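Each chain, written out:
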Amino acid sequence: MKNKLRKINIYLKVFLLVIIGVSLFPYLKSETYISPYLAYLVFVNLFAAWLYYKLSSKQSLLFVFKLWLIGLALYSIFALVFWLNNWSISPTLQINESKNVLLYLLSYPIRILAVFYIGLSFIELVSPVEFLQFGKIGIYICFLLRSFQVAKEQMLNNKKAMEIMGEIPESLKSISDYRLFLHKSPLIIALTIRNLMIWLFWASHQFEKLKKEN
Amino acid sequence: MKEIAFTYSLQNTALLKDIHLQLQKQTCILINGNENKAFTVLGAILGNILPTMELPDIESLVLLYKDFSGDIDFKKHDYSETVSYISCDPDRQLMFAEVWEEFAAQIPKAKTQHDVNVLLEKFSLNDSFYRRKIESLSGGEKMKLALCLAFAKDEEIIVMHGVVPWLDQKGREDLKNAIIDAKNKDKIIIILEQEYHCLQDIIDKVYVLKTDSLVQVDEKSFFVEAFNPQIYQHLEKLNALIANKDRDELLLKIERMSFAYQEKEIYHEMSLQLNKSSIYYLNAENGTGKTTFANILFKLEKDYQGEIELCQKDLKSYDRQGLNNCIAYVSQFPESQLIWNTIGECRDKVLTRNNTTIIELFKQYFQQSDSYPIIYLSFAEMKLLLTLMMVKTNTQLLILDEPTWSLDLESIEIWLKTTTQIYENMNITIFIISHAHGIMPLLGAKKLLISEKRIMVTNEK
Chain A
70 MKNKLRKINI YLKVFLLVII GVSLFPYLKS ETYISPYLAY LVFVNLFAAW
120 LYYKLSSKQS LLFVFKLWLI GLALYSIFAL VFWLNNWSIS PTLQINESKN
170 VLLYLLSYPI RILAVFYIGL SFIELVSPVE FLQFGKIGIY ICFLLRSFQV
220 AKEQMLNNKK AMEIMGEIPE SLKSISDYRL FLHKSPLIIA LTIRNLMIWL
270 FWASHQFEKL KKEN
Chain B
22 MKEIAFTYSL QNTALLKDIH LQLQKQTCIL INGNENKAFT VLGAILGNIL
72 PTMELPDIES LVLLYKDFSG DIDFKKHDYS ETVSYISCDP DRQLMFAEVW
122 EEFAAQIPKA KTQHDVNVLL EKFSLNDSFY RRKIESLSGG EKMKLALCLA
172 FAKDEEIIVM HGVVPWLDQK GREDLKNAII DAKNKDKIII ILEQEYHCLQ
222 DIIDKVYVLK TDSLVQVDEK SFFVEAFNPQ IYQHLEKLNA LIANKDRDEL
272 LLKIERMSFA YQEKEIYHEM SLQLNKSSIY YLNAENGTGK TTFANILFKL
322 EKDYQGEIEL CQKDLKSYDR QGLNNCIAYV SQFPESQLIW NTIGECRDKV
372 LTRNNTTIIE LFKQYFQQSD SYPIIYLSFA EMKLLLTLMM VKTNTQLLIL
422 DEPTWSLDLE SIEIWLKTTT QIYENMNITI FIISHAHGIM PLLGAKKLLI
472 SEKRIMVTNE K
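Sequence lines, in order, name chains A and B. Mapped onto this note's numbering, the consecutive letters of the first sequence carry residue numbers 70 to 283. Mapped onto this note's numbering, the consecutive letters of the second sequence carry residue numbers 22 to 482.
Be a bit skeptical, because a hint or two may be false.
[Stated by the list, open to error] Straight-line C-alpha distance at most 27 Å; calculated DSS-like pairs for lysine-lysine: (1) A/221 <-> B/285; (2) B/320 <-> B/143; (3) B/132 <-> A/73; (4) B/337 <-> A/242; (5) A/278 <-> B/285; (6) A/82 <-> A/221; (7) A/76 <-> B/285; (8) B/163 <-> B/174.
Simulated from the structure, these hints should not be mistaken for lab results. Predicted, not measured: the structure shown is a model, and the values here were computed from it.
Construct all of the structure, not just a fragment, from the sequences and the given hints.
This is the structure we're talking about:
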């Protein structure tokens with residue numbers, strides 16, 4: 070399946086990405102649309118998770134999900150403040166019903182999860198090289214996409230390194246395992262940024278050369 | 022004829038002073054010297070990586086590349102657009118995730134798979150490489166691919182820094198042939214290298230970087246002596262220890278172990294026994310599974326068949342902490358394993374251990390301030406730091422993956438000295454993974470080979 074999907078023309082792949090992307094952040098006219106829209110989001114998420122599982126692995130799927138859960142835990146605090154203070158949560162909608170406020174608050178992290186899975190599936194399906202046919206802009210897109218790929222690889226490598234060094238548990242079985250993982254996850258991000266900066270320096274030279282050759 | 026002349030200063034102090042090279046076509050130049058920042062910067066300037074583009078004003082980024090942010094004063098520089106540079110880390114040359122992508126982007130003239138196969142064959146890489154992921158390649162295979170790409174380009178000058186230690190015997194022969202071929206095509210080859218002996222027949226000029234100056238030396242006398250007397254002294258001491266300490270007590274027992282990676286069988290029903298307090302060294306060709314074996318022992322690869330017993334206990338029954346206490350694994354790339362940011366963080370960890378040998382070594386070699394970033398350490402220092410971080414009080418097995426890779430003579434001496442101290446003061450088995458070049462054949466360790474998907478002990482010492 071992956072090989073077949075990878076052969077799809079790059080223009081069509083980008084078009085589909087844009088369409089799904091726009092549908093995740095639509096303009097809602099009234100709060101009555103919130104419930105059906107949330108159902109749509111759940112459907113998109115299930116599809117995106119299935120697609121990412123097929124294109125990547127169960128391990129990657131769960132890793133992204135766990136990262137999202139960490140973000141969700143932090144977001145819940147902010148959401149609770151909005152909920153308790155009855156603050157407006159949408160720039161375009163006036164939401165009156167508290168059930169709808171709750172559902173709308175819930176829609177943000179669900180959208181983000183869909184962005185994760187759709188974005189990562191897209192990265193699995195395109196090669197950065199495909200963008201080189203777009204000229205100099207293509208080289209920048211290629212570089213950007215490659216940076217995402219490297220960031221992902223680095224994050225997994227750093228997680229592995231921390232497991233090896235006994236800093237985080239190899240499997241999350243208990244609450245204390247989760248607590249430790251949460252506590253150490255900023256370090257995974259910091260190491261990823263450090264390694265990405267090292268990569269960027271050398272890669273920027275390579276891409277600069279590529280730009281001159283084109 | 023091409024020419025380059027420059028001075029490079031860091032914070033108003035000359036790091037490289039009055040460097041002047043005249044480069045004739047069909048010439049292969051060797052540059053040797055201590056593997057320090059001046060040497061790295063020299064390679065980067067010759068390879069046209071420097072002067073670098075202006076870095077964004079982000080403090081951590083500027084600090085990370087402070088060695089590259091100096092002032093360069095070119096008196097002569099007439100080859101700026103025609104250089105192919107390969108540094109000691111092949112990942113820096115490989116821009117993409119898959120082999121076919123590298124060729125599509127870097128060698129657009131190779132239009133068909135047949136064209137690519139012809140290029141791959143020059144470094145003994147078969148056509149199956151075309152569809153492989155870069156991450157699935159071994160270090161040596163990555164370097165062969167990087168070389169393959171560099172030699173396939175139409176650049177007039179090829180600069181290589183520290184590429185030879187990655188290569189097995191066949192790879193070294195292929196590199197030699199590629200250089201001869203490039204010379205015949207009027208190209209200029211510049212090699213910054215520590216392990217240069219395999220190329221000495223084709224080297225035309227030798228330069229040595231002494232502190233900040235490049236000095237031409239007579240190539241005949243340069244190639245005579247491989248190591249300095251101190252290295253031989255340390256070797257003698259270590260070899261005497263090996264002869265005295267070697268015991269017939271079993272540490273590791275492997276029975277009919279098989280392992281496959283991405284559907285490729287690496288090991289087939291392999292059996293092996295390692296003794297306590299011994300030193301072993303595994304030598305094999307690129308891509309035959311040297312590092313994979315270490316990964317299996319350290320449970321980075323778990324899907325093997327057969328039995329592995331460590332200290333009379335099934336390897337699968339060890340949890341990570343138990344395994345970390347028993348095995349110290351020092352990978353080829355210390356920066357990917359060092360998860361601490363400063364020397365202070367490492368110092369805190371080491372000083373709490375009840376291991377005087379490691380504490381003393383740490384105090385001796387890492388006197389920097391607590392806030393000193395690990396990223397500023399040299400490659401050799403990082404390797405030593407990682408070794409000290411990994412060896413615990415009860416460590417039984419120390420696995421060193423390519424420990425002398427890319428080290429200059431000074432660093433090799435320190436490696437020998439520290440390894441001897443650890444081996445002398447602890448009841449530890451040392452398992453070295455390395456190509457049979459440089460210092461390794463002189464080590465009195467038990468030699469292991471990979472043949473027919475099995476690791477086996479040879480009688481040869």
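Status of the hints after comparison with the structure:
Restraint check for residue 221 of chain A and residue 285 of chain B: the C-alpha separation of about 25 Å stays at or below 27 Å, so the hint holds. For the hint linking residue 320 of chain B to residue 143 of chain B, the alpha-carbon distance of about 35 Å lies beyond 27 Å, and the restraint is violated. A C-alpha spacing of about 22 Å is found between residue 132 of chain B and residue 73 of chain A, which places the hinted pair at or below 27 Å, so the restraint holds. Between residue 337 of chain B and residue 242 of chain A, the direct Cα distance comes to roughly 18 Å. Compliance with the 27 Å bound is thereby established for this hinted pair.
Note on residue 278 of chain A and residue 285 of chain B: the hinted pairing is violated, with a Cα-Cα distance of about 36 Å set against a maximum of 27 Å. With a C-alpha separation of about 21 Å, the suggested pair residue 82 of chain A and residue 221 of chain A falls inside the 27 Å cut-off, and the hint holds. Proximity of residue 76 of chain A to residue 285 of chain B is assessed by CA-CA distance (about 26 Å); at most 27 Å being required, the pair is judged to hold. Using a Cα cut-off of 27 Å, the hinted pair residue 163 of chain B and residue 174 of chain B holds, with the two alpha carbons roughly 17 Å apart.
Hints 2 and 5 from the list above are not met by this structure, while the remaining hints are.
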